[in-house]
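**Q** What follows is the residue order along each chain.
Protein chains: 4
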Amino acid sequence: MPLSGNQIEKMKVKRDKILEQAIILFSEHGYNDTTISKVAKASGISFGSVFTYFENKEELFHHAVVERLKELSPLLLDFDPNAEDPYKELEAMIDKHIRLFASVGTYLRLVTQVIGQHQRFERQFKELDRFYYTFRYKIADLVAKGQSSGQLRSEVDPLTSSIAYTSFLMGIRLNLADQPEHDIWSDFAPVAIRLFGPNLP
Amino acid sequence: MPLSGNQIEKMKVKRDKILEQAIILFSEHGYNDTTISKVAKASGISFGSVFTYFENKEELFHHAVVERLKELSPLLLDFDPNAEDPYKELEAMIDKHIRLFASVGTYLRLVTQVIGQHQRFERQFKELDRFYYTFRYKIADLVAKGQSSGQLRSEVDPLTSSIAYTSFLMGIRLNLADQPEHDIWSDFAPVAIRLFGPNLP
Amino acid sequence: MPLSGNQIEKMKVKRDKILEQAIILFSEHGYNDTTISKVAKASGISFGSVFTYFENKEELFHHAVVERLKELSPLLLDFDPNAEDPYKELEAMIDKHIRLFASVGTYLRLVTQVIGQHQRFERQFKELDRFYYTFRYKIADLVAKGQSSGQLRSEVDPLTSSIAYTSFLMGIRLNLADQPEHDIWSDFAPVAIRLFGPNLP
Amino acid sequence: MPLSGNQIEKMKVKRDKILEQAIILFSEHGYNDTTISKVAKASGISFGSVFTYFENKEELFHHAVVERLKELSPLLLDFDPNAEDPYKELEAMIDKHIRLFASVGTYLRLVTQVIGQHQRFERQFKELDRFYYTFRYKIADLVAKGQSSGQLRSEVDPLTSSIAYTSFLMGIRLNLADQPEHDIWSDFAPVAIRLFGPNLP
DNA sequence: AATGAATGAGAGTTCATTCAT
DNA sequence: AATGAATGAACTCTCATTCAT
Chain A
1 MPLSGNQIEK MKVKRDKILE QAIILFSEHG YNDTTISKVA KASGISFGSV FTYFENKEEL
61 FHHAVVERLK ELSPLLLDFD PNAEDPYKEL EAMIDKHIRL FASVGTYLRL VTQVIGQHQR
121 FERQFKELDR FYYTFRYKIA DLVAKGQSSG QLRSEVDPLT SSIAYTSFLM GIRLNLADQP
181 EHDIWSDFAP VAIRLFGPNL P
Chain B
1 MPLSGNQIEK MKVKRDKILE QAIILFSEHG YNDTTISKVA KASGISFGSV FTYFENKEEL
61 FHHAVVERLK ELSPLLLDFD PNAEDPYKEL EAMIDKHIRL FASVGTYLRL VTQVIGQHQR
121 FERQFKELDR FYYTFRYKIA DLVAKGQSSG QLRSEVDPLT SSIAYTSFLM GIRLNLADQP
181 EHDIWSDFAP VAIRLFGPNL P
Chain C
1 MPLSGNQIEK MKVKRDKILE QAIILFSEHG YNDTTISKVA KASGISFGSV FTYFENKEEL
61 FHHAVVERLK ELSPLLLDFD PNAEDPYKEL EAMIDKHIRL FASVGTYLRL VTQVIGQHQR
121 FERQFKELDR FYYTFRYKIA DLVAKGQSSG QLRSEVDPLT SSIAYTSFLM GIRLNLADQP
181 EHDIWSDFAP VAIRLFGPNL P
Chain D
1 MPLSGNQIEK MKVKRDKILE QAIILFSEHG YNDTTISKVA KASGISFGSV FTYFENKEEL
61 FHHAVVERLK ELSPLLLDFD PNAEDPYKEL EAMIDKHIRL FASVGTYLRL VTQVIGQHQR
121 FERQFKELDR FYYTFRYKIA DLVAKGQSSG QLRSEVDPLT SSIAYTSFLM GIRLNLADQP
181 EHDIWSDFAP VAIRLFGPNL P
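Protein chains in written order, with the working numbering: chain A, 1 to 201; chain B, 1 to 201; chain C, 1 to 201; chain D, 1 to 201.
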């Protein structure tokens with residue numbers, strides 16, 4: 001007798017709940033200080049049940065890192081590298097990114113841990129790195145377009161600009177880690193655009 | 001019987017050795033996965049001896065974070081906020097910072113951990129934050145000078161520029177965590193200066 | 001609604017399948033390393049269903065030990081202690097036993113476990129011991145007959161001979177545990193008869 | 001500062017105590033039902049200390065099996081396959097073996113487990129098997145000598161006799177597992193000699 | 001001061017069993 | 001009857017810390 005649709009739905013909800021709590025706890029206390037028992041308690045289930053949904057702690061961590069990435073990546077990649085007006089597209093992109101980074105602080109602390117200890121979290125790091133590859137090259141494309149059109153200065157390589165920009169985003173996120181998610185973020189949009197060397201009037 | 005000068009010297013050397021290895025191990029494997037035993041082995045002493053020099057693991061971690069900070073902070077603060085030519089001073093500062101950040105990658109991964117989990121490492125975070133307060137305001141002062149002199153554009157608040165710059169430095173460091181310490185870093189100096197909004201000819 | 005004959009038949013088949021797999025797994029991996037889940041998988045059913053047929057793991061083990069014993073005991077006791085020609089009967093018996101022991105290796109490893117840990121498997125051990133009592137005395141009777149008739153030497157007590165013989169059978173089985181079930185076994189028939197002290201011409 | 005001789009002595013005593021209790025518990029309750037905690041309690045030390053002496057449970061079990069074997073093997077091999085009077089030597093050997101098997105019942109139950117589950121305890125089984133190889137061939141040599149001298153009948157291969165004999169010993173040990181170690185054993189010496197086919201007057 | 005044996009709290013994980021579907 | 005999600009007791013093992021030598 002297979003599980004009913006209702007059952008499956010309930011399980012999906014439970015799984016999401018665990019993952020959500022896992023992201024919070026992993027990001028706040030780190031991998032080792034987040035015990036399965038704490039995740040279970042936070043999720044309102046018995047600790048044995050966590051193992052029904054995730055084979056082991058490693059796997060839980062992996063899914064916490066990777067599944068959220070899958071959700072976020074289309075949002076981060078939501079800009080057109082071949083836009084008619086590259087500068088305007090860049091401004092819009094920065095605006096979106098800053099809003100997004102401001103809102104997913106908890107998850108990004110998790111990302112920070114993975115990057116900071118990439119040898120230990122090799123598997124997770126690879127997934128992040130794969131996305132990051134796509135991300136930085138897509139931005140670089142847009143920058144190149146802006147340089148060709150004369151909207152951006154050309155003395156810096158587009159890829160270097162792109163890396164600088166993404167680093168800046170992560171740096172801000174790290175820096176404001178303890179700040180509540182608020183307006184401060186919007187102050188940084190006009191600074192971010194400077195990284196790309198706009199040709200000002 | 002008081003310790004001879006020679007004895008004291010020997011102990012200082014040993015203590016430094018432990019701290020040095022602790023920084024490496026804590027930054028590579030994180031707090032929990034760095035055991036006292038591993039630090040002792042890396043330092044060439046018995047694990048029991050670590051407790052002769054540091055009361056407990058927490059304390060060892062604390063000193064690993066704080067003592068190196070004490071060494072680095074004068075280097076990071078080595079610029080004159082009242083310089084005659086603020087723009088030139090800024091360029092020189094950026095150059096120094098980038099060289100420095102490129103060379104202390106291991107330590108900065110430790111810093112990243114503390115910042116990323118500031119609730120957990122509250123005590124260490126406070127020390128870092130105290131320095132960071134001084135650091136960002138000193139930079140902001142120099143930026144304000146540059147704005148007054150007309151060398152820098154004024155549409156962004158000096159403190160915001162300062163925070164953006166320091167975030168950028170940390171972001172680059174995180175981003176290039178897996179890179180050997182090399183020339184890539186120097187590529188970012190011309191990008192960094194952009195953050196301050198230079199009035200270009 | 002009572003179960004149909006067909007249903008009952010199906011269940012019997014399923015129960016036998018479980019028992020068969022349980023014997024294999026228990027004998028190969030021991031009690032603790034044989035999980036209900038593994039037995040279920042080997043039997044092609046869900047692990048929950050095992051509990052439909054056997055109250056708990058202990059009970060499953062018990063039936064695995066005892067039910068096969070019930071099948072085997074008439075075969076082991078298939079000789080006539082009052083045979084006209086006791087020596088010939090003994091030879092025939094040994095032949096049967098050796099063939100049988102050669103063919104039920106898996107089950108006998110289970111028996112070995114129960115005997116080897118009789119305190120732990122007290123209940124199962126008692127069942128085996130009850131059979132063994134009958135078994136050894138029946139053999140002893142035949143030996144006594146052979147001694148009276150002068151076919152066997154009399155310096156050893158018939159019961160001692162009987163115990164020696166049954167021990168020998170188990171010992172061989174244990175010894176050849178890793179051997180495939182083959183001809184080696186038949187080599188031991190002429191040795192076995194020696195245990196009874198035949199009066200050779 | 002290295003450990004003093006006294007310290008080392010104390011540790012050796014403690015290690016032996018653990019091993020002794022481990023043999024008892026493993027043989028009575030089996031591998032899985034013998035917890036490290038029980039071994040520690042029986043040995044009068046803290047549970048953590050077991051790991052000071054044995055890397056893990058597997059290792060403890062291994063040493064329990066192997067170290068005792070090392071002690072026993074010279075005793076079991078203490079006969080001369082080239083003796084002047086092979087039959088007499090055989091009788092003396094049987095006598096020694098039977099006394100020995102009677103006295104090391106606990107250990108032999110451990111051996112039984114290893115043999116009975118040789119796949120699981122592969123490493124231990126190999127060690128036992130290596131000894132057994134030497135053992136059975138040395139006996140076979142003595143038997144061959146006895147056959148040449150005409151003291152033993154020749155219709156059975158010496159090696160087969162040897163295997164039969166060693167199997168018999170283990171079988172008796174298994175059979176009398178629940179018996180206190182007493183005289184019953186001596187009854188089996190005259191039966192054992194029969195296995196070798198003595199040419200009786 | 002230096003060593004490392006001793007300790008036990010606490011972690012991850014397994015699995016028999018229950019029970020709702 | 002059949003399924004498999006839920007539970008938590010019990011296990012192995014790690015490691016910071018203490019302390020006798």
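Any given hint could turn out to be false.
Each pair may be met inside one copy or between any two copies, as identical chains are not told apart.
Said to hold, decoys possible - Capping the alpha-carbon separation at 30 Å, the derived lysine-lysine pairs in BS3-like fashion look like this: (1) Lys138 / Lys57; (2) Lys10 / Lys88; (3) Lys38 / Lys138; (4) Lys138 / Lys14; (5) Lys138 / Lys70; (6) Lys10 / Lys96; (7) Lys96 / Lys41; (8) Lys10 / Lys38; (9) Lys41 / Lys138; (10) Lys17 / Lys138; (11) Lys12 / Lys88; (12) Lys88 / Lys14; (13) Lys126 / Lys88; (14) Lys96 / Lys57; (15) Lys14 / Lys38; (16) Lys88 / Lys41; (17) Lys38 / Lys96; (18) Lys138 / Lys12; (19) Lys41 / Lys70; (20) Lys10 / Lys138; (21) Lys88 / Lys57; (22) Lys88 / Lys38; (23) Lys17 / Lys88; (24) Lys12 / Lys38.
What the hints contain is simulated information worked out from the structure, not anything from laboratory work.
**Q** Now, for every hint given, state plainly whether the structure supports it.
**A** Comparing the hints with the structure gives:
Within a single copy, Lys138 and Lys57 get their C-alpha atoms no closer than 34 Å, and across copies no closer than 45 Å, so neither meets the 30 Å cut-off. In this assembly of identical chains, Lys10 and Lys88 lie within 30 Å of each other by CA distance neither inside one copy nor across copies; the values are 45 Å within and 63 Å between. Taking CA atoms no more than 30 Å apart as the test, Lys38 paired with Lys138 passes in neither setting, with 39 Å inside one copy and 43 Å between copies. Taking identical chains as interchangeable, the C-alpha atoms of Lys138 and Lys14 are never at most 30 Å apart, the minima being 36 Å within one chain and 50 Å between chains.
For the identical chains of this complex, Lys138 and Lys70 are intra-copy neighbours only, at 17 Å inside a copy versus 41 Å across copies, given an alpha-carbon limit of 30 Å. Taking the shortest alpha-carbon separations for Lys10 and Lys96, neither the intra-copy value of 33 Å nor the inter-copy value of 57 Å comes in at or below 30 Å. Taking CA atoms no more than 30 Å apart as the test, Lys96 paired with Lys41 passes in neither setting, with 35 Å inside one copy and 49 Å between copies. In this assembly of identical chains, Lys10 and Lys38 lie within 30 Å of each other by CA distance both inside one copy and across copies; the values are 21 Å within and 28 Å between.
In this assembly of identical chains, Lys41 and Lys138 lie within 30 Å of each other by CA distance neither inside one copy nor across copies; the values are 41 Å within and 46 Å between. In the homo-oligomer, the alpha carbons of Lys17 and Lys138 never lie at most 30 Å apart, since the shortest distance is 33 Å inside one protomer and 45 Å across protomers. When the C-alpha separation of Lys12 and Lys88 is checked against a cutoff of 30 Å, the pair qualifies neither within a copy, at 41 Å, nor between copies, at 59 Å. Proximity of Lys88 to Lys14 under the C-alpha cut-off of 30 Å is found in neither arrangement, the shortest distances being 42 Å within a copy and 58 Å between copies.
In this assembly of identical chains, the alpha carbons of Lys126 and Lys88 never lie at most 30 Å apart, being 32 Å within a copy and 40 Å across copies at closest. Neither within a single protomer nor between protomers do Lys96 and Lys57 lie at most 30 Å apart by alpha-carbon distance, with minima of 33 Å and 43 Å respectively. For the identical chains of this complex, Lys14 and Lys38 are neighbours both inside a copy (15 Å) and across copies (27 Å), given an alpha-carbon limit of 30 Å. Taking the closest pair of Cα atoms, Lys88 and Lys41 never come within 30 Å of each other, the shortest separation being 47 Å inside a single copy and 57 Å across copies.
For a Cα distance limit of 30 Å, the shortest separation of Lys38 from Lys96 qualifies neither inside one copy, at 34 Å, nor across copies, at 45 Å. In this assembly of identical chains, the alpha carbons of Lys138 and Lys12 never lie at most 30 Å apart, being 33 Å within a copy and 52 Å across copies at closest. Only within a single protomer do Lys41 and Lys70 lie at most 30 Å apart by alpha-carbon distance; the minimum there is 26 Å, versus 35 Å between protomers. For a Cα distance limit of 30 Å, the shortest separation of Lys10 from Lys138 qualifies neither inside one copy, at 38 Å, nor across copies, at 55 Å.
For the homomeric pair Lys88 and Lys57, neither the shortest alpha-carbon distance inside one copy (44 Å) nor that between copies (52 Å) is at most 30 Å. Taking the shortest Cα distances, Lys88 and Lys38 never come within 30 Å of each other, neither inside one copy (46 Å) nor across copies (53 Å). In the homo-oligomer, the alpha carbons of Lys17 and Lys88 never lie at most 30 Å apart, since the shortest distance is 39 Å inside one protomer and 54 Å across protomers. For the homomeric pair Lys12 and Lys38, the shortest alpha-carbon distances inside one copy (20 Å) and between copies (27 Å) are both at most 30 Å.
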